[in-house]
Amino acid sequence: MSVSITLNVNGTDYPVTIDAGRNLVSVLRTEIGLTGTKEGCDDCECGACMVLIDGHPVNSCSYLAAQAADRQVLTVEGVMVGNELHPLQQALLDEGGVQCGFCTPGMIISATALLNHNASPTEEEVRIGLSGNLCRCTGYVKILAAVQRAVADAH
Amino acid sequence: MNFTIATTLDDALAAVASGARPVAGGSDLVVGARQGKAPLPESVVAIDRIRSLGDIDESNDGVRIGALVTHARLEVDAGIVRTYPALADASALVGSPSTRNVGTLGGNVMNASPAMDTGAPLLVLAAEIELQSTKKSRRIPIGELWTAPGRTSAQPDELCVAVHLPTQQARSSSAYLRLEYRRAMEIAVVGAAASVTLDEDGGLAALSIALTAVAPTIVSVGGLDALIGRQVDAALLADVASRASEQSTPISDLRASERYRRHCVGVMASRAVDAAARRARGESIAVPVNRNLGIGAAS
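First to last, the protein sequences are chains A and B. 1 is the number of the first residue of the first sequence in this note's numbering; add one for each residue after it. 1 is the number of the first residue of the second sequence in this note's numbering; add one for each residue after it.
Honestly, the hints are just simulated from the structure, not real lab data. Note that CB positions come from ideal geometry on N, CA and C, so glycine has one too. Hints are supplied without guarantee of correctness; some may be wrong.
Stated by the list, open to error - Calculated Cβ distances over 12 Å to all of chain A for the following chain B residues: (1) 81; (2) 101; (3) 135; (4) 140; (5) 150; (6) 164; (7) 220; (8) 223; (9) 228; (10) 235; (11) 281; (12) 284.
As the list claims (entries may be wrong) - Straight-line Cα separation of at most 25 Å, SDA-like style, residue types lysine to any residue; simulated pairs: (13) 136/B to 154/B; (14) 37/B to 18/B; (15) 142/A to 182/B; (16) 142/A to 79/A; (17) 135/B to 17/B; (18) 142/A to 135/B; (19) 37/B to 156/B; (20) 37/B to 2/A; (21) 37/B to 87/A; (22) 37/B to 21/A; (23) 37/B to 39/A; (24) 37/B to 42/A; (25) 136/B to 14/B; (26) 37/B to 45/A; (27) 142/A to 291/B; (28) 37/B to 21/B; (29) 37/B to 41/A; (30) 142/A to 186/B; (31) 37/B to 43/A; (32) 136/B to 21/B; (33) 37/B to 22/A; (34) 37/B to 18/A; (35) 37/B to 20/A; (36) 37/B to 1/A; (37) 142/A to 17/B; (38) 37/B to 93/A; (39) 37/B to 142/A; (40) 37/B to 40/A.
Just need the whole structure built from these sequences, with the hints factored in.
Quick look at the structure:
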């Protein structure tokens with residue numbers, strides 16, 4: 001069965017007609033053309049597909065796109081502030097927290113979700129905040145450092 | 001797949017009565033389909049916009065937790081953390097922040113996994129499940145709900161709408177902990193919950209224990225009446241461990257052998273009783289016990 005819905009992504013309404021069984025990541029990537037959100041494990045384990053829905057983190061591989069109708073979806077493409085990198089993005093570059101880059105969009109989304117409701121997280125809180133995101137390159141140390149740098153720069 | 005969004009309980013019950021499967025966060029239904037365990041059902045009704053199922057209501061009888069209350073809310077809700085900390089211990093261990101954000105208590109209960117984290121706490125806290133259909137509403141003890149892995153005694157037209165927890169006695173508390181190999185996106189290797197009530201002299205006035213991932217369903221430990229009146233000391237905790245291990249019937253799989261599970265569930269049960277008794281004495285052990293007693297994977 002097809003459903004016609006409106007997905008609000010990064011503040012823009014996108015009317016789409018999709019099969020009701022489609023997951024959100026595939027609709028974001030192939031119908032809307034926003035390919036920043038990655039499909040990693042397709043199994044709710046790795047966090048590469050993380051988006052915010054109404055401000056809360058969701059694995060978009062395991063979420064029906066139709067359930068996001070009329071909600072506010074934020075992907076990594078919507079994180080920039082005007083033409084400036086978000087402080088988290090800049091801190092990831094400055095700290096060397098990006099290697100292959102595949103996990104980076106999900107890391108940025110999870111960190112954004114954390115900082116939205118906790119502006120001064122401890123290292124332990126940052127670790128918990130990023131605990132649904134796997135990275136095979138960095139060993140996480142530089143990613144943790146980047147989030148903490150973004151926190152410190154904001155104060 | 002036929003798909004509708006219900007915004008009222010009546011709409012959801014009508015859809016379920018006509019054969020639709022409910023979906024809230026999708027963290028079991030959709031993940032199972034992605035993994036190839038089971039294809040998406042022919043008909044699905046999204047229930048996550050039904051506001052009346054998302055409340056936590058305290059009353060003189062205890063607390064009523066709507067089926068759509070998420071793990072993210074349970075792990076920090078002041079009333080749950082204060083009065084029913086075993087449930088908060090469990091919700092805080094589920095998946096990752098995103099899993100806890102979409103995963104609901106009703107979904108966890110009705111998915112009926114023998115490894116579910118909230119099951120053992122709900123069993124020792126004497127939870128009742130409120131099931132509703134277009135025709136009637138009923139409440140059953142949670143121990144009568146799970147019949148086999150992934151199976152419940154709920155009728156096909158019934159929707160879980162709430163979980164009820166009774167009031168707690170003075171000098172009572174609870175705890176849940178699990179053996180885990182990593183700190184996130186983990187499933188309990190084994191786990192145990194304990195609910196303890198102490199008498200005025202610090203002896204056991206009431207004790208219940210339930211075990212996770214050592215049987216086809218979450219199970220209670222029997223024969224604990226013989227322990228009533230004893231102090232919670234090393235000898236008692238050893239007796240708890242041996243009872244829990246003896247009564248478990250685990251399987252071997254890629255995550256642990258039967259023998260290892262049988263031993264470790266005793267360790268988890270004794271630590272759960274210890275933590276619950278310490279909380280009942282007024283000691284503050286923050287949620288989740290796993291992290292704050294240094295149990296489980298190291299950071």
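So, going through the hints one by one against the coordinates:
1. 81: Per Cβ check, residue 81/B is outside 12 Å of chain A; nearest 16 Å; holds.
2. 101: 5 Å, violated
3. 135: At roughly 28 Å from the nearest Cβ of chain A, residue 135/B sits farther out than 12 Å, so the non-interface label holds.
4. 140: 29 Å, holds
5. 150: With a cut-off of 12 Å, residue 150/B remains clear of chain A, as the shortest Cβ separation is near 18 Å.
6. 164: 27 Å, holds
7. 220: At about 30 Å from chain A, residue 220/B clears the 12 Å cut-off, so the statement holds.
8. 223: 38 Å, holds
9. 228: At about 38 Å from chain A, residue 228/B clears the 12 Å cut-off, so the statement holds.
10. 235: 35 Å, holds
11. 281: The claim holds: residue 281/B sits with its nearest Cβ about 26 Å from chain A, beyond 12 Å.
12. 284: Check passes; 17 Å lies beyond 12 Å.
13. 136/B to 154/B: Since the Cα atoms of residue 136/B and residue 154/B sit roughly 12 Å apart, the hinted pair holds (cutoff 25 Å).
14. 37/B to 18/B: 24 Å, holds
15. 142/A to 182/B: 20 Å, holds
16. 142/A to 79/A: 20 Å, holds
17. 135/B to 17/B: Satisfied, since the Cα-Cα distance of roughly 10 Å is no more than 25 Å.
18. 142/A to 135/B: 57 Å, violated
19. 37/B to 156/B: With Cα atoms ~20 Å apart, residue 37/B and residue 156/B stay inside 25 Å; holds.
20. 37/B to 2/A: This hinted pair holds, its Cα atoms lying about 24 Å apart.
21. 37/B to 87/A: 41 Å, violated
22. 37/B to 21/A: Cα-Cα ~15 Å, so holds.
23. 37/B to 39/A: Answer holds: residue 37/B to residue 39/A is near 19 Å, not above 25 Å.
24. 37/B to 42/A: 13 Å, holds
25. 136/B to 14/B: Given pair residue 136/B, residue 14/B holds - Cα atoms ~12 Å apart, limit 25 Å.
26. 37/B to 45/A: Distance ~16 Å between residue 37/B and residue 45/A Cα, so the pair holds.
27. 142/A to 291/B: 24 Å, holds
28. 37/B to 21/B: 16 Å, holds
29. 37/B to 41/A: Holds - the C-alpha atoms of residue 41/A and residue 37/B are around 15 Å apart, at most 25 Å.
30. 142/A to 186/B: 24 Å, holds
31. 37/B to 43/A: 11 Å, holds
32. 136/B to 21/B: 18 Å, holds
33. 37/B to 22/A: Given pair residue 37/B, residue 22/A holds - Cα atoms ~17 Å apart, limit 25 Å.
34. 37/B to 18/A: 23 Å, holds
35. 37/B to 20/A: 19 Å, holds
36. 37/B to 1/A: 22 Å, holds
37. 142/A to 17/B: 52 Å, violated
38. 37/B to 93/A: 40 Å, violated
39. 37/B to 142/A: 37 Å, violated
40. 37/B to 40/A: 19 Å, holds
Hint compliance for this structure: hints 2, 18, 21, 37, 38, 39 are broken, all remaining hints hold.
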